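Colleague: Residue-level listing of the chains:
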Amino acid sequence: MIQPSREAFRRFTDDETFERIRSFGTFQEMWASCLSAYPEQTAIEDNGVRYTYAALEDEAAAFRTVLAAGGAPKKVAVFGPNSFALVKTLIGAVTLGCTAAVLPAQLPDMAVLGCCMKFGVEALIYDPALKDRVQLAAQKLPGLRLIASDETAAEKTAMRPVRPEDPCLIMFTGGTTGKSKGALLSHRAVMEGTVNGCYGIPEIFGQRYLLILPLSHVFGMIRNLFTSLYTGSDLFICRNNKDMFRDAAMFRPTVLVAVPAIAELALTLSKKFGRMMLGADLKTIICGAAPVAPYLIAEYHKLGVELYPGYGLTESANLVSGNPENLTRPTSVGLPYPNQELRIVDGELWIRGANMMDGYVGEDNAAAYSDGWFKTGDLARFDDDGFLYITGRIKEIILLPNGENVSPAEVEAHFNALPFVQDSQLFEDVNALGQPILALEIVPRATELGGMQDPQKEMTEALQAVNRSLPTWQQAAKITIRDKDFDRTPSMKIARYQKCK
Amino acid sequence: MTRQEIIQELKSILISADEKNRPLVEGCTEQTNLMDTFGFSSVGILYLVIAIEETFQIRFENTTVTDFETLGSVVDYIEAKLK
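Sequence lines, in order, name chains A and B. Taking this note's numbering, the leading residue of the first sequence gets 1, the next gets one more, and so forth. Taking this note's numbering, the leading residue of the second sequence gets 1, the next gets one more, and so forth.
You may find that some hints are simply not true.
Below 27 Å or equal to it, Euclidean Cα-Cα: the simulated DSS-like pairs (lysine-lysine) are [as the list claims (entries may be wrong)]:
#1 B/K11 to A/K271
#2 A/K242 to B/K81
#3 A/K457 to B/K11
#4 A/K118 to A/K140
#5 B/K11 to A/K272
#6 B/K20 to A/K478
#7 B/K11 to A/K131
#8 B/K20 to A/K302
#9 B/K81 to A/K118
#10 A/K272 to B/K20
#11 A/K493 to B/K20
#12 B/K83 to A/K272
#13 A/K457 to B/K20
#14 B/K11 to A/K242
#15 A/K484 to B/K11
#16 A/K484 to B/K20
To give an idea of the chain A side of the interface with chain B (calculated C-beta under 8 Å), a few residues [to be verified]:
#17 K242
#18 F245
#19 A261
#20 L265
#21 E441
#22 A477
#23 I479
#24 K484
#25 R488
Over 10 Å on every C-beta distance to chain A, these chain B residues come out as not near it, computed from the model [to be verified]:
#26 E19
#27 E30
#28 A51
#29 E54
#30 A80
It should be emphasised that the hints constitute simulated quantities derived from the structure, not laboratory data. Note that the structure is predicted; figures quoted are calculated from it, not measured. We put the beta carbon where it would ideally sit given N, CA and C, even for glycine.
Kindly generate the complete structure, drawing on both the sequences and the hints.
Modeller: Here it is in structure tokens:
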């Protein structure tokens with residue numbers, strides 16, 4: 001069993017910064033500390049307006065008055081695209097002691113209704129632009145309070161204290177079985193996730209963050225918004241991803257929290273236009289939610305930007321580990337953060353600790369746990385220095401007729417190490433005789449093909465060489481170089497072939 | 001910028017999005033249906049929108065490349081924006 005220590009991260013940060021990283025029991029405690037430390041600094045920039053920490057609290061306090069009128073609800077849902085109003089209403093609700101379910105902005109009206117019922121929310125806070133999609137919930141649930149996110153009050157209501165074990169957020173997750181669920185995160189878990197994100201990054205306080213991830217995703221909510229607030233940083237809300245480079249050029253972020261597909265897009269565009277598209281001051285990219293190609297780490301390093309891979313789950317309030325040794329161990333997701341315990345059982349990573357959720361709301365949680373340990377569904381290993389590696393997903397394991405188990409991610413990692421491979425997918429297919437075989441498809445990285453005399457031939461040879469280096473039971477019987485990218489999920493992960501599941 | 005120059009720039013963007021597009025791009029006409037021919041992913045569309053905006057120094061307003069059926073209709077939009 002691994003019991004990580006915060007001391008493992010000391011050598012990556014100067015002593016003064018390291019000592020500033022401290023835990024809080026509740027969001028209220030953290031927020032009060034921010035208000036005392038950074039009242040006049042900019043907290044949020046959105047739609048051309050800058051809000052200081054004090055101004056954000058003023059708006060949240062007025063919204064607490066709106067919520068408290070007629071009795072403060074225990075549970076609310078917040079529904080809207082990223083905006084200052086979403087941040088203000090969320091902080092207002094949480095600091096009033098409410099549990100906030102954060103609904104993805106793309107949910108259709110039936111799903112909004114379903115979530116309100118399943119999570120038992122008493123109030124639905126919505127962005128006026130999404131008014132049409134809350135009407136069904138309003139009709140079907142007569143007791144549901146509907147509150148527009150631009151509602152405010154002249155009076156301010158004080159924060160209400162909560163305990164670390166009290167529920168704070170309900171966040172959406174695909175879950176380990178693929179069905180959409182709401183993970184209940186306590187204040188303690190949310191604060192662990194918020195603070196842990198600071199370890200191993202040389203410059204972490206007083207940064208400028210560009211928010212491009214949806215706040216309905218823990219990576220956006222906790223690592224992006226909450227860690228930005230905790231560190232007295234300035235968060236610029238990018239309202240439309242197509243404007244991210246224009247926003248980046250103007251705002252000049254120092255930190256970007258992104259999925260690998262976006263980091264890759266930014267790199268390709270930077271090469272095409274011959275300048276750093278993410279702004280001249282960018283120093284750090286926190287990258288996760290999907291496997292990170294070593295190529296990205298090396299290419300960004302050449303541009304003076306450190307890209308740190310990490311690993312996290314909605315169920316662990318986002319961050320489980322982060323990799324401060326990105327250059328020397330680029331395939332690792334790093335060192336596990338403190339206040340959790342990790343073990344590997346039959347290859348699967350199990351976790352328990354202060355950062356873990358209190359179960360899925362309204363679900364039978366028995367299958368998710370074993371003796372109090374959360375079963376991640378991820379296959380993992382540790383190296384001798386305690387660095388964690390994710391080698392695949394249990395549900396993606398391919399069971400071959402000869403009884404061998406093949407983890408696609410483990411095999412794909414060998415091919416992904418080729419510079420011209422942007423993405424790959426190993427899956428079970430059938431040959432002309434109807435026999436099951438392993439098949440591999442790759443998407444080439446366009447920028448790497450220019451220097452090749454005969455790209456098709458050179459790629460095929462390099463892929464075959466990698467294939468031959470693998471144990472025979474891991475070798476692909478068919479390798480296809482695709483013309484087009486794989487289909488992607490809304491979070492830009494590869495939509496894996498169904499036959500693979 | 002002439003219509004032909006715009007088309008050439010667009011073709012160069014389509015190739016830079018993915019070198020594998022080159023043979024398809026060479027056979028492109030103004031009538032070519034972009035989505036049917038190239039089948040862009042969500043990241044690919046984002047790339048095109050940003051690259052077109054950067055190259056021509058224009059901004060798409062509540063419109064993305066998915067709204068344009070053919071290469072010719074994208075050229076029409078860019079021409080109108082450049083006037």
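Colleague: Each of the hints needs a verdict: does it hold here or not?
Modeller: Results for each hint:
1. B/K11 to A/K271: The given pair, whose Cα atoms are some 17 Å apart, holds under the 27 Å limit.
2. A/K242 to B/K81: Holds, because 18 Å separates the two Cα atoms, which is no more than 27 Å.
3. A/K457 to B/K11: holds (25 Å)
4. A/K118 to A/K140: Distance of about 13 Å is within 27 Å: holds.
5. B/K11 to A/K272: holds (14 Å)
6. B/K20 to A/K478: Roughly 20 Å between the alpha carbons, so the hint for B/K20 and A/K478 holds.
7. B/K11 to A/K131: violated (41 Å)
8. B/K20 to A/K302: With a Cα-Cα distance of about 26 Å, the restraint between B/K20 and A/K302 holds, given a limit of 27 Å.
9. B/K81 to A/K118: Violated, at roughly 48 Å.
10. A/K272 to B/K20: holds (16 Å)
11. A/K493 to B/K20: Holds, at roughly 21 Å.
12. B/K83 to A/K272: holds (26 Å)
13. A/K457 to B/K20: Since the Cα atoms of A/K457 and B/K20 sit roughly 14 Å apart, the hinted pair holds (cutoff 27 Å).
14. B/K11 to A/K242: With Cα atoms ~20 Å apart, B/K11 and A/K242 stay inside 27 Å; holds.
15. A/K484 to B/K11: With Cα atoms ~17 Å apart, A/K484 and B/K11 stay inside 27 Å; holds.
16. A/K484 to B/K20: holds (8 Å)
17. K242: holds (5 Å)
18. F245: holds (6 Å)
19. A261: Interface hint status for A/A261: holds (5 Å vs cutoff 8 Å).
20. L265: Holds. Min distance 6 Å.
21. E441: violated (13 Å)
22. A477: Cβ of A/A477 sits 23 Å from chain B, so the hint is violated.
23. I479: violated (16 Å)
24. K484: holds (5 Å)
25. R488: With a minimum Cβ separation of about 5 Å from chain B (threshold 8 Å), the hint on A/R488 holds.
26. E19: Since the minimum Cβ distance to chain A is about 4 Å, B/E19 lies within 10 Å and the statement is violated.
27. E30: Nearest chain A Cβ is 22 Å from B/E30, so the label holds.
28. A51: About 7 Å separates B/A51 from the closest Cβ of chain A, which leaves it inside 10 Å; violated.
29. E54: At roughly 6 Å from the nearest Cβ of chain A, B/E54 sits no farther out than 10 Å, so the non-interface label is violated.
30. A80: holds (19 Å)
In the structure shown, a violation is registered for the earlier hints numbered 7, 9, 21, 22, 23, 26, 28 and 29, in ascending order.
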